[in-house]
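Below are the chains, spelled out letter by letter.
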Amino acid sequence: MKEYEMIVIGGGAAGLSAAIEAKRHGVNVLLIDSNDKAGGQLVKQTHKFFGAKMHRAGTRGFNICKELLKESEDLGVEVLLNGLVMGIYDGDTVAVDVKVSLTEHKLMMLKAKNIVISTGASENAVRFEGWTLPGVMGAGAAQTMVNYRHVLPGKKMLMIGSGNVGLIVSYQLMQAGVEIKGIVEALPKITGWQVHASKLTREGIHIYTGYTIKKAHGTDRVTGATIAKVNPDWSLVSGSEIEVDCDFICIGAGLKPLTGLAHMAGCELIYDKALGGWAPAHNYNMETTKKGIYVAGDATGLEEASTAIEEGTIAGAAIAEATGHLSAAEAEERKAGAWRRLADLRDGFHGEERLAAKNKQLAEYDRLMGVRE
Amino acid sequence: MRVTEHPIFEDLDTTEYVNITVDGKPVKAVKGEMILAALLAEGIIINRYTTKRHEPRGLFCAIGQCTDCMMVVNGMPNVRTCITPVEEGMTVETQNGLGEWRTEG
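If you read the protein sequences in the order shown, they are chains V and P.
Heads up: the first sequence is residues 1 to 373, going by this note's numbering.
Heads up: the second sequence is residues 1001 to 1105, going by this note's numbering.
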C-alpha cells in the first residue's frame, strides 16, 4: 500500500491551502479530488473577495483559484483527480474509487498518518409543491452552470433566500443575461449583506421580505411560481399570493458541512446552527478528536473561502510540525499568523456569531478530550 | 442557451465542437464540456423519469452530488451528466427509472 505523510481529501480553497502549506515545508503530500480539476467551488466565484489585502481582497474567486492551483503546481504537490474517497479506515487508510473512463473504475487503498478532510459543504433544499420539477435547482447549481459551464438554465429566475448566496448568485445570473423576477425571503429582513442587496435593488429587482414560495407550476418543467406572505407562525397569509412569471427557481437556503467521512472515521461532531449544522470539533491545530485526522474549511463549519484558506494553512503547518519538517516554534509562527488573519475575518457585526460558534467548537474539543487549561 | 456575452468572462469562444446524439437527435456540443451543459445549451432540461411515479427530473446540484441528472450514456445507465464530459459520437438517452444496461462488447 502506497504511503504518504499526509493525504488531503478535497481540493477546494481549504484543501489546496493545506497541501500548499505542508508541501512548502517538505511534507510528502497527496491531494485527492473527486472532480476532473481541483479548485472546488472557487472556480465559479466571479465576485471580488472582501477583507484586507492579506485575505486576497479585491481578487475574484476564480482568480484566487488559479493562484492556488499555480502555487500547488509550482511546489510539486501530487494530485489525484477523479478520485472519490469512500472511507477512512483504522484512522490512516483511505479508500479511493478512481474513475478511469466512463466504464472503468479502480479501487486504491492509500495510507497516511495525517489526513485532512476538506470536503466542503452541500446546499440545503426547501420543499414546496413542485420542488422536484426540472427547473428547480440549488442556487450554487445555477452559479456553476452559468459561471463555470457558461450555459443558462433558463431566461427568467425566481430566487428563494436572501442570504449572501441568494444575493450574489442573483446578481451573477443577471450579469449573464438572466431576467431576475424577484427574491423571496421568509424572514422579515434581508439576511445577506446590504452591499450585495443594494446592487440588486439598484437594478430594480424586488426582494420580497416576509414571503416564501407556495408552489412551482408546470408538469414537465417550471412554468411559473406562486409566492405568498408568511405569518409569524410560518403559515401562509391567505389572499397574499402573487404569481411570478419564471422558467426556473433557485434555492439559496444555506449549506451544511459535508461530514460523512469525518463521522464515519469516528470524529466527534457538534451541532451549531451558525456553522450550518453538525461539524467535527477540532483543536488549535484543526485536528479532530481522532488523532491524525484534521478538518478545514466548510467541512468544519460554513464560512467563506477566505477562512477556509486560513484553516487549511493551519492544518498544513500543524502536520509539517507533526511530521518533523517544522520545529514547534516555526510551526507556531505559521499557525499564529493564520489564526490572527482568521480573527480579522471573523471580526465585527457579520462575524460575531461565527466567531462564537468556532470558539465553542474549540472548547468542545477540549471538553471531549478532557483537556484542562 | 449559451452565455455569449459577459462583463467578466472574455474568452467565451466555442470553436471546437463534437457531435453527440441525444434521444436519437444530433446535437453539437462544445469539446470537453459536460453532457448536461450541452443539453442545457439546447434547452433540454429533463434528464430522467423516476422509477415509481415517473416524474421528470433535471439539473439540481450541478456538482455530481444529487444524481438527479443521471442519463443513459453509451448504453450505460446512471451516468451523472453534470460531471461527465462529452466525447465524439457519444449517445445520450433520457433514463427511465433505473435504466437498462446496453453496453456493447
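Heads up, a few of these hints could be off.
Derived DMTMM-like pairs: lysine to aspartate or glutamate, alpha-carbon spacing no greater than 20 Å straight-line [as the list claims (entries may be wrong)]: (1) V/K48 x P/E1033; (2) V/K48 x P/E1042; (3) V/K99 x P/E1033; (4) V/K2 x V/D92; (5) V/K2 x V/E71; (6) V/K155 x P/E1016; (7) V/K113 x V/E3.
Since the hints were derived computationally from the structure, they do not count as laboratory data.
These numbers come from a predicted model, not from an experiment.
Do the hints match the structure? See the list:
Of the supplied pair hints, the one linking V/K48 and P/E1033 is violated, its CA atoms being roughly 26 Å apart against a limit of 20 Å. With a C-alpha separation of about 31 Å, the suggested pair V/K48 and P/E1042 falls outside the 20 Å cut-off, and the hint is violated. About 17 Å separates the Cα atoms of V/K99 and P/E1033, which keeps this hinted pair within 20 Å; it holds. With a C-alpha separation of about 12 Å, the suggested pair V/K2 and V/D92 falls inside the 20 Å cut-off, and the hint holds.
The straight-line distance between the Cα atoms of V/K2 and V/E71 is roughly 25 Å, outside the 20 Å bound, and the hint therefore fails. For the given pair, V/K155 sits about 25 Å from P/E1016 by alpha-carbon distance, which is inconsistent with the 20 Å threshold. At most 20 Å may separate the alpha-carbon atoms for a hinted pair to count; V/K113 and V/E3 meet this at roughly 9 Å.
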